[in-house]
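> Chains as they are written, first to last, in the UniProt record's numbering: chain C, 1 to 179; chain B, 1 to 179.
Hints in this document: simulated from the structure, not taken from any laboratory. There could be a bad hint or two in this list.
Copies of one chain are not kept apart here, so a pair can be met inside one copy or by any two copies together.
Derived lysine to any residue pairs resembling SDA-like cross-links, with alpha carbons at most 25 Å apart [said to hold, decoys possible]:
(1) K152 <-> I34
(2) K11 <-> S35
(3) K48 <-> S106
(4) K11 <-> D67
(5) K152 <-> S27
Each chain, written out:
Protein chains: 2
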Amino acid sequence: MEGVSVDDKHKIVVAVDESEESMHALSWCLSNLISHNSTTTLVLLYVKPRPIIYSSFDIAEHIFSADVIVAMEKYGTDLVNSVMKRAEAVFRNFNRNVNVEKVIGSGEAQDVICDTVEKLRPDTLVMGSHGYGFLKRAILGSVSEHCAKRVKCPVVIVKHPHDKTTLPSNSSLKHDDGF
Amino acid sequence: MEGVSVDDKHKIVVAVDESEESMHALSWCLSNLISHNSTTTLVLLYVKPRPIIYSSFDIAEHIFSADVIVAMEKYGTDLVNSVMKRAEAVFRNFNRNVNVEKVIGSGEAQDVICDTVEKLRPDTLVMGSHGYGFLKRAILGSVSEHCAKRVKCPVVIVKHPHDKTTLPSNSSLKHDDGF
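Between the sequences and the hints, there should be enough to build the whole structure, so can you do that?
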């Protein structure tokens, strides 16, 4: 990862993808973590899944021709550009003086995000919850859970505001005024 | 939970306990989420574990006398006061104009925190990672993981800066300058 400086300035990594949730996480970051007179460097991290390529010698159900592989790679590049353009549009809605850097990773999202955080040492990581629905989340855990366990810096997990999670009410609370 | 208002003001819940990590989470919140001219209401939430009380009629290994129970309850109250005084000391290090409210809950920490968030509807929940060490965390999950899954608002998970988690480096990254 050449060209990435590790310095003392305030740095935030925001993991973005094609979901509305990740754009909401970016908006939350711009609203809550970056002030108008900030000198923050904001790193937009997008993770492309590794392409699954089968050669004609593999005993595989799906064998793709070179043309299909090229088309898939182009689709991946188009997706990166699309996500970054959406992120740019989110930025335009906020009047923030930040240095924006883009990092494109490839591989398992959770590994790439943790790896980037280890290398860039940001002050904060911001990401969507990236859940997979109740059953898979319960068994496997989500990308955000994995990252929250592994990275050292504070992690902000932002859910899409239309998330309909319900909560039980089985505890007792006592309220008190301030100090 | 009488006396707790649900209004449109910016509200942050910080889960505090006797750990250094939770005080670090409070510091992070004061440094990063609350500006000098903020009108934020900051709710400090402390969760007391439910006392385990055995009567002399139970077939239990441990039977406590009334004196011991009173002493345990006093210890619990002392702990609450101690944590809130530490939080107050953290506040004094920051020049922030915030309304501070205290909520004392009782029960399983994860349930009480989720329940409080559901009732108060804060803009953000801030907490320490509250891990239990590798094995238990891997099997059961931590309080913060549980809360991050269940609450609807953005959740900030802050680890103690001396956490020595190590990360693998098994992904590829490409760095790019800003827009």
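> Each of the hints needs a verdict: does it hold here or not?
Against the structure, the hints:
no. : hint         : result
1   : K152 <-> I34 : both (21 Å within a copy, 22 Å between copies)
2   : K11 <-> S35  : both (13 Å within a copy, 18 Å between copies)
3   : K48 <-> S106 : within (5 Å within a copy, 44 Å between copies)
4   : K11 <-> D67  : neither (41 Å within a copy, 54 Å between copies)
5   : K152 <-> S27 : both (23 Å within a copy, 16 Å between copies)
Violated hints amount to a single one, hint 4; each of the other numbered hints is respected by the structure.
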